[in-house]
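Enquirer: Here are the chains, one letter per residue:
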Amino acid sequence: AQTVTQSQPEMSVQEAETVTLSCTYDTSESDYYLFWYKQPPSRQMILVIRQEAYKQQNATENRFSVNFQKAAKSFSLKISDSQLGDAAMYFCAYRSLKGGSEKLVFGKGTKLTVNP
Amino acid sequence: DGGITQSPKYLFRKEGQNVTLSCEQNLNHDAMYWYRQDPGQGLRLIYYSQIVNDFQKGDIAEGYSVSREKKESFPLTVTSAQKNPTAFYLCASSLQESWGFGSGTRLTVV
Chain A
1 AQTVTQSQPE MSVQEAETVT LSCTYDTSES DYYLFWYKQP PSRQMILVIR
51 QEAYKQQNAT ENRFSVNFQK AAKSFSLKIS DSQLGDAAMY FCAYRSLKGG
101 SEKLVFGKGT KLTVNP
Chain B
1 DGGITQSPKY LFRKEGQNVT LSCEQNLNHD AMYWYRQDPG QGLRLIYYSQ
51 IVNDFQKGDI AEGYSVSREK KESFPLTVTS AQKNPTAFYL CASSLQESWG
101 FGSGTRLTVV
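Here the protein sequences line up with chains A and B, keeping their order.
Heads up, the first sequence is in this note's numbering, so the first residue is 1 and it goes up one at a time.
Heads up, the second sequence is in this note's numbering, so the first residue is 1 and it goes up one at a time.
None of these hints come from the bench; they were simulated from the model.
A couple of the hints might just be wrong.
Stated by the list, open to error - With a Cα cut of at most 30 Å, we get these calculated DSS-like pairs of lysine-lysine:
| hint | chain 1 | residue 1 | chain 2 | residue 2 |
| --- | --- | --- | --- | --- |
| 1 | B | K83 | B | K14 |
| 2 | B | K83 | A | K111 |
| 3 | A | K73 | A | K98 |
| 4 | A | K98 | B | K83 |
| 5 | B | K57 | A | K73 |
| 6 | A | K111 | A | K78 |
| 7 | A | K98 | B | K57 |
| 8 | B | K70 | B | K57 |
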């Protein structure tokens, strides 16, 4: 079974600075999706960024980018120019492409605090 | 607007009682899921359903039951057999790479 590990339960960053959240995963599959979700205090899950494993190019969405290292099974999230609104729980998630196994497997999350 | 509706937002249950959490989606997604969220535990899968009238156990199915009689609906029943039911419950749905999440139900046992 696939597992996702987020080794940083909490992180903090100064406003306008850059922070990197770590995520590693374990799988024997070669094709899959990886995601970062943001969960603010409202508890609504918000997709931040998605990466297809077959793509070598790292995904980028405005201030958010990933460092996808397939061989190392690592998928870190970099937030540039951090804003107060970035404060939230961040979850890394894995999704298999194998039929019947398309569920999302989540890590335990990293709580990000942004200091003014 | 398409989305996923969970109700109620807050739910209180007495020990020994069953309670049903509602999840409805109008996204025309085939698959639906129930996750449980506890502090420091992330989101853990309870049950999921890929088509109507079929569902599979997730990682923590004991003490829970589900049904999938309609594509739009996937209710979760927390039974008295669930020893520690106080948690935040999140419903989700998906169609290929597109996922949606409800706003959750906070269940408290009193």
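Enquirer: Is B:K70 close enough to B:K57, meaning Cα to Cα at most 30 Å?
Expert: Judged against 30 Å, a Cα distance of about 18 Å means the pair holds.
Enquirer: Is it true that the CA of A:K111 sits at most 30 Å from the CA of A:K78?
Expert: holds, 14 Å
Enquirer: Does the structure keep B:K83 and B:K14 at a Cα separation of 30 Å or less?
Expert: Holds, at roughly 12 Å.
Enquirer: Please verify whether B:K57 and A:K73 have alpha carbons no more than 30 Å apart.
Expert: Satisfied, since the Cα-Cα distance of roughly 27 Å is no more than 30 Å.
Enquirer: When you check the alpha-carbon spacing of B:K83 and A:K111, does it fall within 30 Å?
Expert: Within the cut-off at roughly 27 Å; holds.
Enquirer: Sort out whether A:K98 lies within 30 Å of A:K73, counting only the CA atoms.
Expert: Within the cut-off at roughly 18 Å; holds.
Enquirer: For the pair supplied as a hint, A:K98 and B:K83, is the alpha-carbon distance within the 30 Å limit?
Expert: violated, 33 Å
Enquirer: Just to be careful, I want the Cα atoms of A:K98 and B:K57 compared with a cutoff of 30 Å; is the pair within it?
Expert: Given pair A:K98, B:K57 holds - Cα atoms ~17 Å apart, limit 30 Å.
In summary, the structure is inconsistent with hint 4 from the numbered list given earlier, while agreeing with all the others.
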